[in-house]
Amino acid sequence: MVKISVLQHDPSTHLPMRPGDPTPTSRNLNPLMHPFARARERTRALNAAKIERIFAKPFVASLEGHSDAVEVLVRKPKSLSTVASASWNGDIIIHDLQQRTEVLTLRGAHKGKASGLCFGGENGDRFLSCGVDKTVKLWNTPTGLEQDTGDATPLNVFPSKNAFNSIDHHRTDPIFATASNIVQVWDESKTAPISNLTFPTSTETITSVRFNLSEASVLASVGSDRTFTLYDIRTGKAERRVIMQMRSNSLAWSPTFPTTVLLASEDHNLYTFDVRNLAWPTQIYKAHVAAVMSCDWSPTGTEFVSGGWDRTVRIWKEGVGKQPEVYHTKRMHRVFSTAFTADARFVLSGSDDGNVRVWKAKASDKLGVIDARERAAMEYRDTLKERWKMDSQVGKVARGRYLPKPIHKANQLKRTMLESRRVKEERRRKHTRAGENKPKAEKKTVVVREQT
Amino acid sequence: MDALFAKAEAIRPHKRRRFNGDGPHSKKHTGKDVELDSTAKSVLHHTSLPKSLRPGSPPPEEAKKYSHISDKKLRAQLSSQSAHSARSKALLEDAAFLLEHEDSGAMEAEGELDRTWRVGQDEIAESAGQEAAKSRREWKLDGGPYRSRYTRNGRHLAIVGLKGHVATFDWQTGTLHSELQLRETCRDITFLHDQSHFAVAQSKYVFIYDRDGVELHRLKSHIEPTRLEFLPYHWLLASVGQTGYLKYQDTSTGQILAEHRTKLGGCTTMTQNLHNAVIHLGHQNGTVTLWTPNLPHAAVRLLAHLGPVVSVSVDPSTAGRYMATAGHDGTVKVWDCRNWKGAVRQWATRGGSAELEWSQKGALAVASGGSVNVYNKPAIQQFFAGTTSPPLYMTHPIPHRPLTSARFCPFQDTLTIGHSKGLSSILVPGSGEPNFDSSEADPFENKRMRREREVKGLLDKVQPDMITLDPEFVGSLAPPTKLTTDVNGKLDIPFARLPRQHRLKLQGRADETEEVSEEEDGGEGKEGNASRKEEKEKKRMRGKNKAMKRYLRKQRKNVIDPKAVALKEKLQREREQRKKTRDLAKGVQEDRLPSALDRFRT
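From first to last, the protein sequence lines are chains A and B. So the first sequence is numbered by this note's numbering: it starts at 1 and just counts up by one. So the second sequence is numbered by this note's numbering: it starts at 1 and just counts up by one.
In isolation and in its complexed conformation, chain A is listed as follows (with noise of 0.2 Å):
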């Protein structure tokens, strides 16, 4: 006997059982079942990474109202859509960013610059801003309910000697501190300061003061002489001081790892530092070609936003030290301050033309509704890209950014500089003595002294 037995399929299990009922799907995960299946999954990449940077339209608005550079952009805290600017001709406005409108407007609220803006209180009910004309105003945010008009009067001033050039509210207390030729801590309810922090051989000018978010009471500033100094309120004096090759322009404290902080610096570089350890930084972010005027952390703590003298805003992943996304336009000028949203999901640039630009984060999101069908494709998009960067098509057209001439020359320039330097460090090198002149690592040439 021979035992026979034929294949057949059982319709009833491949059709569905009702007109309209989803067709049923069987797999087969047998590689010979799927021919050329790494081939067609790179050509999907490919498409994939193609899809991304036809949809890369990232600016989404332009705020306007200002009629000088935008000097200072801040966020509101516990809010989505209300940020502050202050400009280089005193005014301040509020914006509220779904409704692209005004919400506050204060034209002339500082004589000539108006150079740091910051909110107070656990929401942000009230907000602070100093300027060149040596004042220090405490105003009232508004609900926003109603426009107001630009005759709003402070709810309190607070005079000084020095201009001031940067301002930073303590996180709970109503205590803010001031930059000026020193770091100065007020009480929002007297009027002269409560404690003047300096380090003892200081003659430099504060450009910038941030307090920690977690640590509260620690504070962070960086000077014109190159040096990024940490001041503790509780012991009312400088703990550390780090001096730099070069100065830096911004800085901000990660909101998710409170030893971390970022710093803009004027030698094109970004510099992320752990305060436990100031003998280096944990990474260098290099793309900029000119000084970095500003930088903000995004509230996640995994991304960073930078806007610099190049007009260029770039946006960078913690600890990758390369290629960001960066976005420009024909009619940017420089950028001086940046910020992030509180939803991650927007970035704000301001700069000289007066304009406050509203980017998205992510240059190929898609505003609006997105369903899970499409969800899912965007992930697995997603995740495509990822494994295949390092085909070399894919990799190239996920990578490659499109740069304005002027800033494409200034990148070549650079290149051809630092090229040069390498080379000549080299030659040097090859005729010294033998070990005599070792070739330092980057980061341990970025920290010329650090004092305690």
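Some hints here could point you the wrong way.
Unchecked claim - Some chain A residues close to chain B (C-beta under 8 Å, calculated; not the full set):
id : residue
1  : Ser5
2  : Arg40
3  : Arg42
Just so you know, the hints here were simulated from the structure itself, not pulled from any lab data. Just so it is clear, CB atoms sit at the ideal spot from N, CA and C, and this is done for glycine as well.
Fit chain B to the known structure of chain A by using the hints.
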């Protein structure tokens, strides 16, 4: 103040670990009692780690550890990759029994004396289920020997008679899509990406028809075609004809991609390897050639038979590892495509030239003379020195000679044989793959799925220049560059960091003339030196490079000046003397006592 400082637990310098300190995050996790440093402790009540950064489920047991890799970033990346792959492998194993839901057919002899080939079609059809028994049928048609072709999902069948009868239909439901009487010689037919289009090789050109039989295109560049193949993942229609040209046409853009002149005369045998999209041609002089569109010559050229090759087939069950060829001399040979040294197995068939076809599960059908023989897998692919035929699995007599084509139906146990009186379809248990994948080819797909697959297939179209004999090269490591940085055995310096001279040398652009003249030392003989200098005569000052002067300079070379010779000898002697004293000072060579033979030393 220090006491306050301590109480406040302010930021304190981070303690350096060991010598020259690791990064600040290099905390050693030694068991449970990981002591938090003071900064971390003081920020603890203000902060919480985001969920995405908290450790997930522990990695599975079988994940590789990579503890030997010192680079932390790389180690973390590799171990997370291996954990991910181990997890997905476990998930796959969980799902495996859910996926294999249908059993393949089979014919097994139970007794010692039972033979599967004794079982006839009536008996098989009797024991088969109602659905499967439907596929045993005979189509009695006029119009010469027939050829047939199935779609990739096995649902639709296209037939063509030599005298011009063309029909496409859904053979399961019996729905006829189109039927044409073309009234000219038609030699082959193939479906394009699905049943909505098909191409017919007619007497002069290839024509493309849509599902309803409307002529869409006349491909005038394919002249006198004899065989057609469609490469589904590349959207290429390949044809070969009496002119001996193999032509590839992109059916998505309509462009002729490549025209290869085989230089081996008219060709009537063509097949494709489904797994690497290589075209196999069999020629009149007994050679089999393998072609890709990006090579102007054959990738492989194999003398397979002593007469013309009449049929070639590639085994899909082993990813195209084995190829079977049949010649006019009546032999069938099975070849291993990894090693072309000789046939794995060969045997003679009765009745002359045979048509071959390999099924999805690896059954080989040989249609020759008046019968179809089916051989099964392990025997035909194992090396066998003799020329006896492998054990027969099934046989079926067909009295309508010649048998011109044999096609297995995908995902069915069905073999369709074309012959002079039409077509007959027989049951071959165990030849078809039981489990199809809906994302690749689904016999039960509806209109919407077909449309979606068409669009997806176009989006995933693989570029034709990626067709190679080894399809696995995509995504594998690139070969090492030819530009090596090997200078003095040091390989670790990247090219960009080498000094300029080295870089030029590696690129082959360095001007080495100067260097050589520097390197010249007294080690070599005088003749060597002289000859080398002669090779590259320097450019001299103006007026010194005239032809006459050069001639005179050359003439002077042969002149031996006794003064110069004497001077040279003197210098040589002095040099030796100096060396000797140096050696003496070092105590290398002991001063010998003067001997009588010293007078002969110079």
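Verification of the hints:
no.	hint	in the structure
1	Ser5	holds, 5 Å
2	Arg40	holds, 4 Å
3	Arg42	holds, 6 Å
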